[in-house]
Structure formats: C-alpha cells, structure tokens
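Enquirer: Sequence:
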Amino acid sequence: MDLKTLIFAPLLLILPNAGSSHEFWLEPDRYQAPSGENVGIRFRNGEDFKGIELSWFDRRIGSVSYVLDGKFREYRGLPGDLPGMTLTVSDELTAVAYSSTMSKLTYDSWDKVQSFVTHKDAPWFNDTHAARGLPQEGVTEGYWRFAKTLIGGEPGNGTDRDFGMETEFVMQSNPFADGIDSVQLILLYQGQPRPDAQVEMWEKSGDAITHSFYRTDDQGLVTLPVRAGASYQIDAVVIREPESDQAIEAGVMWESLWANMTFGLPQ
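Plus 351 on top of the position in the sequence shown (first one is 1) and you've got this note's numbering.
Rather than coming from a laboratory, the hints here were simulated on the basis of the structure.
Cβ coordinates follow ideal geometry from the N, Cα and C atoms, glycine included.
Heads up, a few of these hints could be off.
Cross-link-like lysine-lysine pairs, in silico, DSBU-like; alpha carbons within 30 Å at most [to be verified]:
#1 401 with 455
#2 555 with 471
#3 463 with 401
#4 455 with 471
#5 555 with 401
#6 463 with 555
#7 401 with 471
With beta-carbon atoms standing in for the labels, derived distance ranges [stated by the list, open to error]:
#8 420 with 489: 47 to 55 Å
#9 559 with 474: 25 to 33 Å
#10 413 with 386: 25 to 33 Å
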C-alpha cells in the first residue's frame with residue numbers, strides 16, 4: 352500500500368458528504384470460501400454496489416465483531432488497512448457486524464432533505480419537522496451505520512446471530528443452502544422487531560443491478576426472492592428525533608440509523 356492510499360482512504364471517512372445519502376456496506380472478496388481461507392472484507396460507501404473503498408479508521412468505527420464457530424469475537428484492525436478486514440473462515444457460516452460512531456452532516460438544500468426522507472419512507476417527517484419549529488435551511492443530521500455481511504464456509508452450515516446493534520437485520524434462513532429461491536430476515540430496532548418498515552434491496556448478477564422495495568410484516572419479518580449466483584444488499588433506515596447522547600450533545604436536528612446487510616448465493 353502506498354503513502355497516498357494510506358492518507359487518502361481514511362480521509363474519505365471524514366469528508367462532510369462522504370456518507371450523506373449513500374449506502375455503507377461490507378463487501379467480502381468471496382461470499383463462500385473453503386475452510387481455512389483468508390477472505391478480505393471491504394468497507395464501501397456509494398450506491399448500486401458501486402462506491403469508494405474505505406480503510407480502517409479508528410475514529411469512525413464503534414465496534415467490529417464476528418461469529419466464527421459459534422463464538423462472538425471482537426475484531427481490531429490497524430489504521431489504513433485495505434481491505435478493512437481480513438478473516439479466516441471455517442466450514443460454517445461467518446457473520447460479521449460493523450457499528451460506526453456518529454457522523455454529522457448539514458444539508459445544503461431543503462430539496463435534498465425531501466429527497467432523502469421520501470427515499471427512506473418517512474411520510475410523517477415534514478409535519479413533525481414543522482411542529483418542532485425547525486427551519487428548512489441548514490438541516491443537520493447525525494447518522495450511524497450498522498452493517499453486516501455473511502460468508503459461508505463449505506458447505507456453509509450455521510446461522511446468523513443478533514449482535515445487539517441499535518438496528519440490524521438477522522438472517523433467519525441459510526442463504527448457502529442448496530436450491531433456495533427466497534430468504535427470510537427479521538429487522539430489529541433497539542432489540543425488538545420493527546414492523547411495517549421499508550426494506551430496500553439491490554441484486555447484482557454479473558454487471559446487472561436490479562433494485563426493489565419490500566416491507567416487513569407485523570412481526571418485523573421480510574421474505575426476499577433470491578437466485579443462485581447473485582449477490583444482494585439490503586437496507587432499512589430509522590429516522591428519529593435526536594435520542595442518543597452523541598446526537599443530543601452535537602445539537603443535530605435529526606438522527607438516522609442505517610441497517611445494511613450483504614450476502615451472496617453460490618452458483
């Protein structure tokens with residue numbers, strides 16, 4: 352890794368607009384690998400499975416952990432690491448979870464605020480914003496990232512786990528099982544199922560990207576169609592009045608919490 356990469360990659364994490372309305376996801380070099388193989392996991396920020404790669408940067412990472420052979424383990428990287436993580440997989444499913452610290456942004460127009468809250472399904476936002484007496488100029492937001500990825504060993508037995516993040520998806524079925532055409536997940540918020548929530552999904556097959564929306568049911572469950580050889584990214588966002596100590600201390604108007612998960616099916 353050259354010096355330019357070491358300096359530039361962490362800097363991307365602190366640019367004001369680096370994550371303003373883009374997804375953050377974990378992208379393994381392989382979604383399934385033989386037991387004992389090292390798999391790089393890349394930190395990416397962008398849209399439609401396309402984006403910049405970010406290095407390990409302590410100030411922007413709250414915690415990173417994973418489940419390997421049924422045990423929760425903490426992961427610590429080094430500043431500048433690219434890929435951000437490297438894990439040695441076993442013959443079971445490895446679940447990885449990333450929690451960020453809070454970042455702050457200021458929207459440069461009300462139109463961009465409207466685009467964001469419409470995209471992320473917050474129809475109540477305008478009425479609540481006005482009722483709180485907030486201006487339409489200089490809207491501020493504190494945002495958090497809660498990203499997961501699943502890597503299958505071979506044959507990829509095992510299950511995802513609840514990591515206790517503020518919001519997260521937990522896979523209820525095994526995406527590495529033979530012959531499946533759908534997977535079921537539960538969306539959690541503060542440890543409880545989140546019902547009637549929008550779930551956004553991207554499917555990547557070769558160079559083709561398709562994009563669709565689903566909703567969780569009254570138990571916080573969502574069933575998604577999948578097919579062999581494709582990789583998937585799913586997202587659900589909580590928008591709320593400032594609640595965390597960090598958001599209150601920062602004086603932001605709004606707080607957002609982004610749950611993201613990636614996984615891929617074998618051919």
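Enquirer: Work down the list of hints and note, for each, if the structure agrees.
Expert: Hints, verified against the model:
{"no.": "1", "hint": "401 with 455", "result": "holds (23 Å)"}
{"no.": "2", "hint": "555 with 471", "result": "holds (21 Å)"}
{"no.": "3", "hint": "463 with 401", "result": "holds (21 Å)"}
{"no.": "4", "hint": "455 with 471", "result": "holds (18 Å)"}
{"no.": "5", "hint": "555 with 401", "result": "holds (11 Å)"}
{"no.": "6", "hint": "463 with 555", "result": "holds (27 Å)"}
{"no.": "7", "hint": "401 with 471", "result": "holds (19 Å)"}
{"no.": "8", "hint": "420 with 489: 47 to 55 Å", "result": "holds (50 Å)"}
{"no.": "9", "hint": "559 with 474: 25 to 33 Å", "result": "holds (31 Å)"}
{"no.": "10", "hint": "413 with 386: 25 to 33 Å", "result": "holds (30 Å)"}
Checked against the numbered hints given earlier, the structure satisfies every one of them.
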